[in-house]
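**Q** Combine the two chains into a complex, taking the hints into account.
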Amino acid sequence: MKTKLLATASICAALTVPFGTVMADEDANLIIDGEIEITVRAPAPDHLENLDEIFSGWVYRATETQALQADDFENPGMIFVDSGHDLWNTVEGEAGESCASCHGDAEEMAGVAATYPKWNDATEEVRTISMQINACRTEQMGAEEWNLDKSELLNMTALLASVSRGMPVNVAIDGPAQATWEMGRDLYYTRTGQLDLSCANCHEDNYGNNIRADHLSQGQINGFPTYRLKNARLNGVHSRFRGCVRDTRAETYSVGSPEFVALELYVMSRGNGLSIEGPSVRN
Amino acid sequence: MADNVTPRVRVPRDATAGETITIKTLISHPMESGQRKDGDGNTIPRSIINRFTCEFNGEMVIDVTLEPAISTNPFVEFEAVVPESGSFVFTWYDDDGDVYTETKEIAVS
Chain V
798 MKTKLLATAS
808 ICAALTVPFG
818 TVMADEDANL
828 IIDGEIEITV
838 RAPAPDHLEN
848 LDEIFSGWVY
858 RATETQALQA
868 DDFENPGMIF
878 VDSGHDLWNT
888 VEGEAGESCA
898 SCHGDAEEMA
908 GVAATYPKWN
918 DATEEVRTIS
928 MQINACRTEQ
938 MGAEEWNLDK
948 SELLNMTALL
958 ASVSRGMPVN
968 VAIDGPAQAT
978 WEMGRDLYYT
988 RTGQLDLSCA
998 NCHEDNYGNN
1008 IRADHLSQGQ
1018 INGFPTYRLK
1028 NARLNGVHSR
1038 FRGCVRDTRA
1048 ETYSVGSPEF
1058 VALELYVMSR
1068 GNGLSIEGPS
1078 VRN
Chain R
3 MADNVTPRVR
13 VPRDATAGET
23 ITIKTLISHP
33 MESGQRKDGD
43 GNTIPRSIIN
53 RFTCEFNGEM
63 VIDVTLEPAI
73 STNPFVEFEA
83 VVPESGSFVF
93 TWYDDDGDVY
103 TETKEIAVS
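Chains as they are written, first to last, in this note's numbering: chain V, 798 to 1080; chain R, 3 to 111.
Next up, chain R with everything else stripped away, as it sits in the complex (with noise of 0.2 Å):
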């Protein structure tokens, strides 16, 4: 179980239709990587945000896999259009099972 986790998400409060937004992503989690060993010699398991989802409105905008040598608090910036007003949700699925979420509003006009 990572300690900890508090994913944070940057989305324009509101935009025009079809514009093409730029959205950030970061969440705090140490990304361990399995291949390193603790002060005894045994190997510390791997604990990792494996995937990274972001849907508007129900459609998927990106899916992304993410891999062991992927650095600690992984940010993820990308850019998506926006045709209506809409929810974006975010979600990251934990290693340990553990599922994140978090939802943002933008107003289109």
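Extracted from the complex, chain V is given alone in its bound form (with noise of 0.2 Å):
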């Protein structure tokens, strides 16, 4: 249904040309710096029943900001990855250690990004990259832990991901993540606020139309974290679904709490097979 509905205002698009050239180019591929393709649209993975196809938020922006991202010169985003390599070179806490002394260059981390949230056996908990990152930071280097969505952290996940773009989301549903998966399931369909709106209200069935004067996304999340154009930094994906949650005017959970845990793990796995593409540039 959706997608018929889709189609047909694709052709209009195509045949109302001044109308069509102001809105964002919805067939152009994504290409960082003429080397790193990015996969930007992919066939839905098998547990999303009511999509047959999944975009990356990067489809539906202006041109001008589809650009930003495909030069990493041009990417303001790139600043906090440079940020990002400083952190992981330097010695912090008391074993005298940095990200470096164990895990060698940052590139060697190329592909782990895809792969988080993920299950952890020590702790029996799904934990997101942030999270791990911390873990790593209190148990092997013996140092303080970093603000979660606050500027050390983002710029440290803002490297993972760019060593990782490229490479598809992959993060796993089922075996012992599955309970955290359903719980996750259960909070994006599950409508909240004065609005009464759930995640899929806006970015399940009515992706690609206007809310106000933006383009709704289909709300993926491979792109994170995200330097955006309205603050001029990067945003990470908690603060996002609390910003979501807030404009439904709902009392939003906090960052890093379980509930975000499970919708960061189950929005995840409907990126399934796109491209990691962090840092992004949005809106």
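Since the hints were made in silico from the structure, they are not lab data. Just so we're clear, the structure is a prediction, and the values are computed from it rather than from any experiment. The beta carbon of each residue, even a glycine, is placed where N, CA and C say it ideally should be.
Coverage of chain R stretches by chain V, computed from C-beta distances (three or more under 8 Å per stretch; other residues unrestricted): (1) 6 to 16; (2) 71 to 77.
Heads up, simulated DSBU-like pairs for lysine-lysine below, C-alpha to C-alpha not over 35 Å straight-line: (3) K1027(V) <-> K26(R); (4) K26(R) <-> K39(R); (5) K39(R) <-> K1027(V); (6) K26(R) <-> K947(V); (7) K106(R) <-> K1027(V).
**A** What follows is the structure, encoded as structure tokens:
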């Protein structure tokens, strides 16, 4: 049903050229620096019953915003990746170690970001990549935790995402992670707030349509952490969830809460097959 | 004192004589406007890059005055005609007196 509606809309856009040109170029492809090919459209993963195809949020942005991400020099998010590199090599904590002393070059971590959130056997919980970084800091380095979704941790997650760019998102949703994944799915379809909206009402039923002056995306999180032009800095997944839930006029869960960890796992799994893009550039 | 100020420049490695090349520059800087107040109501002092220049073999290519309304991490892109091989010297002047420079060589054939 949804795809039919969309197909009709795209034919109309093609016929009415002046209208089509002000919209985002929804057929464009993303290649970063002429080297890294990013999959921005993919067949929906099997667990997604209501969608046939999944799209990166990049597809829905204006041509100028899309272009920023195709060149690492123009991508403002890469400044934070550079800071992440500095942090990677900084010795901190009682053990006198840096990230690099165990892991080597940051490039060795290619592919890691594509598998998080991920089940951790030792603590019997699903961990986001931010939680894993903090666990490394407290347990291996003897250093203090970084604040969730704040500068250092965002710079580090941006670094880890950047070395995995082009690799397909592939989070495990079965086995021990299944209960958490199901909790995330329930949250995704639960209506909240005075506006009585679930994630799905916007990002599944109405992606591609306008919400006021902006295009709704599918709400994929393969591009996080995201550099947003509106606040000129990196934004974490949980902060973005907070923004969305707040906009339904609900009391939000907090950053790092079990609810948002579950939601992050579920939403990430909706993007299984898209490429890791972080740091992406969005409105 | 602004922290983590890093200049970045992209200049083509080579060009033909008389060719117009595109130069992109970016400096990470908070560009605090001096108009904002902190949580206690005190004005946050202005701290911006107020001037940016580019010289080629000692000749001024571009000299820009930057104002407080310019956003954080200012990005400047411009074109230049290169008559001969030489070096571009880029200079950023900070309100606090710091000067950041970056040099890029270009080979002209």
